[in-house]
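Protein chains in written order, with our numbering: chain L, 1 to 131; chain S, 1 to 200; chain D, 1 to 203; chain E, 1 to 177.
Just so you know, not all the hints are guaranteed correct.
Simulated DEER-style distance windows between Cβ atoms [claimed, not checked]: (1) Val10(D) with Lys32(L): 56 to 62 Å; (2) Asp45(L) with Gly163(S): 34 to 40 Å; (3) Ile11(L) with Val183(S): 22 to 28 Å; (4) Phe171(E) with Glu139(S): 26 to 32 Å; (5) Ile10(S) with Leu94(E): 23 to 29 Å; (6) Val10(D) with Glu124(L): 40 to 46 Å; (7) Leu94(E) with Lys41(L): 54 to 60 Å.
DSS-like mimics (lysine-lysine), calculated; alpha carbons at most 27 Å apart, straight line [said to hold, decoys possible]: (8) Lys68(E) with Lys121(S); (9) Lys105(E) with Lys192(S); (10) Lys95(D) with Lys76(D).
Partial list, computed: chain E residues near chain L (C-beta under 8 Å) [stated by the list, open to error]: (11) Leu18; (12) Val21; (13) Leu22; (14) Leu25.
What the hints contain is simulated information worked out from the structure, not anything from laboratory work.
From the three backbone atoms N, C-alpha and C, an ideal C-beta is built for every residue, glycine too.
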Amino acid sequence: MNINIKILGVIIVFFFGLLLLLTSRMERSHLKYTAEEMVEKAKTDYVVNKVDLQRLRGYMLVDLQEPQLFESDHFEGAINIPFATLLEEDSKEIWANNETKVITGATPMERHEAWMLLTQMGYEDLLVLQN
Amino acid sequence: MGPIIPVYEISTELNFLVAFLIGLGFGFALEQAGFSSSRKLAGMFYGYDTTVLKVFFTAAITGMLGLTFMNYLGMIDMSIVYVNEYYIESAIIGGVIMGIGFIVGGFCPGTSVCAAAIGKKDAWAFLGGSLIGILLFGETYNWWKDIYTKNFLGGVKLSDTLGISDGFLVLLIIVAAIMMFWVGEWAEKKFKRPDITKEM
Amino acid sequence: MNARVILSIVVLALGGVAAMLPNAKNSSLELNEKALHQELLLSSHFVTADELADLLINQDPSLQLIDVRTIEEAKKDPLPGAINIPLDSMFSPDKNFYLDQTVMKNILYSEDDQLATQVWMIARQKGYKNNYLLQGGLRAWKNNIINPKYPEQTASKAAFELYEKRAAASQYFTGAEKVIKPKVAPIIPIQRRQKKKVQGGCS
Amino acid sequence: MSHHNYITGKTKYMNPYLAGVLLGLVLLMAFYLTGRGLGASGAMKSVVVTGIETVAPTKAENSDFYSKYIQGDNSPLNSWLVFQVLGVLVGGFLSGALAGRLGWKTEKSPNITSKRRWILAATGGALFGFGSQFGRGCTSGAALSGMATLSVAGFVTMMAIFGTAFLFAYFFRKNWI
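Bound-form chain L, shown alone:
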């Protein structure tokens, strides 16, 4: 009887250990919205031009260019998050803050990609600046 109980315990511990081991090695998805929900999200008007920007109050400019390109040419006060570092922890802190973030720099395609990716992950208050 007691032996049986011990075996039961060992089996359960072993199995859950195996489960934990398997899960720890997996990349969990942090996308907040499903593809279907993103269809609706994508319809929001998130593109602004320079004229709109002047009417906006309290926003930050985020430039997606490579650092070298950023050095040579960027808007005043813009901060640099190269496209390649979009998902690093430091960048995520910026995406998560409450201010309106206007994405500039890099190609228009990359700006839209960044907007989509960040919106899929659930970040709010993002805009894309049109050339």
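With the hints as your guide, set chains S, D and E onto chain L.
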């Protein structure tokens, strides 16, 4: 992410090897539980041995809990996992016929294979009978075709029907099962039959 | 304590935890944000207008152009052989199989980058393969291929070569002998069901 | 003692709860690896379909029922469940050998003859085989696996099987007790 074989499109040979190994575990667990004995199985319905109830529900609960947690942890894609299709009439009629078969024959197909493996002659008779039964169904399929395919509801889940979360349904089943275990053990004491122990 | 009591306590505890879990929905095909980002960084998910011109001139049979603008907009100036799949009808049963397939090479385009990128990102999140973007959209196509600008006198030799090539392509797409005729009906790709529900039970 | 076997008077069977957890883990592994649960009657159907196909191929192809399980040159025996049931056979044998339960015998109530037990077993088997086709799966395929995925079909089949067996238990008590 699981289920491993359909997601990673693993070859048929390996798939069959996995099938064999899973079957190995299945057979071992069934035999260890005592499901190779028809009188132990039938004991369920006379209260002197409720092993069937205990094993069956413990296994179902373990499976449910495991699937719920795996789903939550993102380890399994439940949209691929087979959920039994529900045809109202055929499930009930089939279940009733199987119930009679159970009390008459003392086995179900899985346990009969298991009992046949350790040399029970009655299990071999049951196996032969079940082949005849399937043949009979195949031969008379046209008679049953309408009722067999009537009221198809698809792979519906009880939790969706009741409108509760999967986890909550699992908890309800666990509570029900624990009560049944308690009743089962009480019944085992009440309907104890020491006399038939000599017969083996 | 007997086995029943121990088992009861363990499963009740686990069941209590399970009851608090929300219903999760996983899809083995859907990509997570890291995988999506990696793919974007590889930059192999788009074609330039020049590459598209090459593909069209070579009449690549596996090429399928997909116009993702609204139905009205798409009627105005479609590219040859393009089919129209607006963002809204991405998942409608009569359009979805164009995006979710493995035979054709789809090139998505819109007026600029915006709509096509949205459709591509959503399709990719779903795990659809073989979809590509037209970089710069129709605007880039018109500016570079249909009406290429003559390079300034000081421009490099390569710029002149590129211009010549583009001018030839422009001739090809706009000239009197229009070789490419819009296909009457686009080829419906054979859909390989990528996510097959397991057949199970005792059947 | 809960795991005491009232028939053999021995305690060589595993504790039922422990065996249940073991069975549940096997079931879970089946779901995790293959996306389907366990099954048994499907393998028997494969045997029947193969038999029909060999004896009367045209008949098998014309039948609505058999033709569902015939796919080109691929023998119906080449199926997942057949291999799984072969595993059950071997697993059961191993377990029986380890516990010393191997033996060519008929298990029956002392009140009935062996012949009667065989006839009853075969009748029960025929009913079960018929019912498993009607209900699209047996105790393992429909009830156990179905319950684990919380499918309504699983619960309905389980209740139908056990409910009916309880109802009819009284009429067959002579054969068991």
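Problem - Unmet hints by their number, sorted upward, for this structure - result: Numbers 1 and 8 - these are the hints that the structure violates, sorted from lowest upward.
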